[in-house]
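S.K.: As a plain string of letters, each chain reads:
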Amino acid sequence: MAVKIEKTFQVNEPVEKVWVFLSDPRKVGTCVPGAQITEQVDERTYKGAIKVKVGPSVTDYKGEVQIVRLDEQAHEIEILGKGQDVKGKGSASMKMTGKLRAVDGGTEVVSVSELNVIGILAQMGSRVINEVSNIMFEQFTKNFRQQLQNAETGGSETAAAPKPISAVGVAFSALKAAVTGHSGRAEAKPGPEGAKDSGTS
Amino acid sequence: MQKTSAEIGGMGHPIKRKEDGRFIQGKGNYVDDVNLPGMVYGHMVRSPYAHARLKSINTEAAKKLPGVLAIITGEDLAKANLAWMPTLSYDKQMVLATGKVLFQAQEVAFVVAEDRYTAADAAELVEVEYEELPVLVDPHKAMDADAPLLREDRTEKNNKIFHWEVGDKAATDKAFKEAAVVSKVYALSPRCHPAPLETCGCVADFNKATEKLTVWLTSQAPHAHRTVFALVGGIPEQNIRVISPDIGGGFGNKVPVYPGYVCAVVASLTLGVPVKWIETRSENLQSTGFARDYHMTAEVAADKDGKVKAMRVKTLADHGAFNAAAQPTKFPAGLFSICTGSYEFPQAFCEVDGVYTNKAPGGIAYRCSFRVTEAAYLIERVMDVLADDLKMDPVELRQKNFIPAAKFPYQSPLGWTYDSGDYHAAMKLALDTVGYDALLKEQAEKRKKGELMGIGISSFTEIVGAGPAHSFDILGIKMFDSAEIRVHPTGKAICRMGTKSQGQGHETTYAQIVAQELGIPAKDVQVEEGDTDTAPYGLGTYASRSTPTSGAATAMAARKIREKAKKIAAFLLEASEEDLEWEPGKFSVKGAPGKSKTIQEIAFAAYTNIPPGLEAGLEAVNYYDPPNLTFPFGTYIAVVDIDKGTGEIKVRRFVAVDDCGNIINPMIVEGQIHGGLTEGFAIAFMQEITYDESGNVQGGTFMDYLVPTAVETPHWETGKTTTPSPHHPFGAKGVGESPNVGSPAAFVNAVVDALSHLGVKHIDMPITPWKVWNILKEKGLTG
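Protein sequences appear in the order of chains G and U. First residue of the first sequence? That's -17 in my numbering, and the numbers climb one at a time after it. First residue of the second sequence? That's 87 in my numbering, and the numbers climb one at a time after it.
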């Protein structure tokens, strides 16, 4: 099932600094909940994995991430990721474009992701996938800011071993988000810098 | 028909259901309640892909999990020639996948473990490598030259299952050429699922010492399933005992044979211990018999006054990956050719193409007699389109074209002989009950104020009770059904049938038939079904066939008993048989008040004081071959109000007038109608199983596939007319499915009527608030 997710958020860092981070899949990869970049194949291709937990079942996608387009001038990047669950529970692919724009006091990050999921996760329906994506994205945003800050303060860039993101927990948050209009998670509360949803389809 | 006393409780008495005592106390005995010593549990590994090459299955890690006893794959079954099994429609189906998978949630491996949780955990550890193949989910594309070939096992290298047609094409085409008006609708009857309260499952117990296989099965047709097990498994039929215990709803979902049943049997044969397999809710929704998925085009030719001249129907039937529906052999599209409905069409032509897609297999009759719901929906929808085209009141158009009561038995242009009907009477009662004229006035006033209100009519005709042996069989087995009645010495009785109740109340209604025919109080008659070791052979319960077939057989067997009872009574009363007269419960000597023998006295004599020349005992069996099908009918009227701001549809009133011939138990009939209307409401407004372009099921949980609760369900107003079936032994027709067959069109017609002045001609089910809101938005009416 295909889901298109458009997200915009802001960080308090200059464009050039954010770009260095965004254009490096190894760095961005550490911000994606449950994800890991395991190997660089060539200049633009990386091997990676992401774990998503659904009830007792951990979907363990392994695959490749490829930078399809990198525009240093416009600060635009297009990434294609494809993976199959190692136990044959399904597959997922994602095309993501990220674009940076200097704004007052920092940088605006605009991302458009087209996610296609086949298998158990896809059966959860677009509402849940959308909400799961929202929550994953919120966590991603939080990690992204944290990592940028770490880079500034000279903190370690190496992230701890990735924990699988629990889609059951996420699904319940998603359900709650769907019925109450907010996910109830501290990091998901829209703050002044909170991720703002510019529409899903 | 002579009405019996309340004490006897024969036909027409609204006696309480005998089975409800145990159900409401939680004392029912369902398959999952069967627990045997040493029993182990199965769990299915299923495909996440809709179409993929199966490259390898690695079971090593799963086998190492403590408690795991066996893991069966398609390759294992292939060694025993069991990787494929026949379906009830002359197709074959994979039990466990070999080579490739053809739908999401297809069965790939069967894990057996000491407990259910270990089995499920081990299933997670089975590693399957797939190579994705192009997916076909749109049946319209199935016949394209470049469509991916799904069934590589067939000699035909295309995705076509069957082409079936009936009627006079040339005469129909000619009538269309000459017609003043032609109306047309394309209507989808979307893929939905019966979603019975109890999912499917079984307990298979092979006893190595006796070589007997006992299978407790969620089966609507236990005898037919036993025969399939015997034919497929090569086990002598006398060594197979299929038991359908209490069944928590079937609605067609429990007619096919499922891979889980076969795997549990194979596992029990292999391990020598009982094996239980019970589906989860999602497995039930995603892999077992779905319904509908009929993509239909109907055209009606009429003169300018609205008299219909001909009907032309072209339908695409999406049967999924395997044609696993249960259809009578001669009717691959079931009884869809009832699509001329209640109207006198001089000509008609109907064609159906069945195709394969990468979806779960099936095409079962969900609470309908083999595709009758689709047919009734189509004709009732296109009649409304014709009325709209002619600017004629849909009631007037229907009344003008009804088959008149005087013309029954009526020969339809598509080959059916309708047994009896009085469509005008049912329509009139429905109109009077709902207050049609006042509603029309109200609607006109509301339209002036910009408010949306609709009235929907459905005057359906059903065709049930399959069926006469000359035309009806499943896998060659004729569609008779049976009853066996044994009267005990104390005048109580046990009777057994070839059918199987799934909640219809057979234990009560069959007892009432015996009560009516023999005068033995219904409370003294024990009804037993579902055990193939004890019950006479029959084709089971679906297609509203129990009353027309086994109900008839019960009456016929009871009448045989009454004939013998008469001989015994004559002996006891020292009178000649000709001098005896019968009233329910006793034989009396004509003109000799007080000289009589009750059926209880006669029964005692059958074991204690047997007349010379007569056999002892008092029992009879009947295998009833119905001479024709029965044709229940009715008129349903829905009144809806639509909220312009939200698109929400409120069913303000729903009047259902049913005619199912003579009624056995009016309370049970009303209950059946309430249940069927609620399901029809769900189909019209809430339910659809969709697939995305990758073949992912989008309605595989109750979060996405909605079931109405008391909160959503409208208030039902029921009424009846009575037109007995002339060929049925007690004039009954069957009712379980009428409300599901007749109501979707009434709901849809009502919503379309509310929007017809805006140019809306048709909306496909399910009509959700979202769909309506989008239409209103398009028309600039959302405000």
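Watch out, some of these pointers could steer you wrong.
Okay, derived cross-link-like pairs now, DSS-like style, lysine-lysine, Cα gap no bigger than 27 Å in a straight line [to be verified]:
1) U:K243 <-> U:K263
2) G:K44 <-> U:K141
3) U:K806 <-> U:K493
4) G:K44 <-> U:K186
5) U:K89 <-> U:K243
6) U:K736 <-> U:K578
7) U:K149 <-> G:K29
8) U:K246 <-> U:K270
9) U:K113 <-> U:K141
10) U:K186 <-> G:K64
11) U:K113 <-> U:K532
12) G:K44 <-> U:K104
13) U:K246 <-> G:K64
14) U:K150 <-> G:K44
15) U:K578 <-> G:K(-14)
16) U:K578 <-> U:K672
17) U:K609 <-> U:K650
18) U:K243 <-> G:K(-14)
19) G:K(-14) <-> U:K270
20) U:K532 <-> U:K736
Because the hints were derived from the structure by calculation, they are not lab data.
S.K.: Determine for every hint whether it applies to the structure shown.
M.R.: Each hint, compared with the structure:
In summary, the hint linking U:K243 to U:K263 is not supported, as the alpha carbons are separated by about 37 Å, beyond the 27 Å threshold. At most 27 Å may separate the alpha-carbon atoms for a hinted pair to count; G:K44 and U:K141 meet this at roughly 18 Å. As the CA atoms of U:K806 and U:K493 are separated by approximately 21 Å, the hinted pair is consistent with the 27 Å bound. Between the alpha carbons of G:K44 and U:K186 the distance comes to roughly 22 Å, so the proposed pair stays at or under 27 Å and holds.
Between U:K89 and U:K243, the direct Cα distance comes to roughly 61 Å. Violation of the 27 Å bound is thereby established for this hinted pair. Proposed proximity of U:K736 and U:K578 is contradicted: the alpha carbons are some 50 Å apart, above 27 Å. Between U:K149 and G:K29 the CA atoms are separated by roughly 30 Å; this puts the pair beyond 27 Å, and the hint is violated. Restraint check for U:K246 and U:K270: satisfied, since their Cα atoms lie roughly 26 Å apart, inside the 27 Å limit.
Of the pairs offered as hints, the one joining U:K113 and U:K141 is violated, with about 47 Å between alpha carbons and a cut-off of 27 Å exceeded. For the suggested pair U:K186 and G:K64, the alpha carbons sit about 22 Å apart, so the restraint of at most 27 Å is met. Among the hinted pairs, U:K113 with U:K532 is inconsistent with the structure: their alpha-carbon atoms are about 52 Å apart, more than 27 Å. Pair hint G:K44 plus U:K104 does not hold up; C-alpha atoms about 58 Å apart against a cutoff of 27 Å.
Taking the CA atoms of U:K246 and G:K64, the gap is about 34 Å. The hint is violated against a cut of 27 Å. For the given pair, U:K150 sits about 24 Å from G:K44 by alpha-carbon distance, which is consistent with the 27 Å threshold. Of the supplied pair hints, the one linking U:K578 and G:K(-14) is violated, its CA atoms being roughly 69 Å apart against a limit of 27 Å. At most 27 Å may separate the alpha-carbon atoms for a hinted pair to count; U:K578 and U:K672 meet this at roughly 14 Å.
The hinted pair formed by U:K609 and U:K650 meets the criterion: a straight-line CA distance of about 23 Å does not exceed 27 Å. For the suggested pair U:K243 and G:K(-14), the alpha carbons sit about 37 Å apart, so the restraint of at most 27 Å is broken. Restraint check for G:K(-14) and U:K270: not satisfied, since their Cα atoms lie roughly 37 Å apart, outside the 27 Å limit. A distance of roughly 15 Å separates the Cα atoms of U:K532 and U:K736; the hinted pair therefore holds under the 27 Å criterion.
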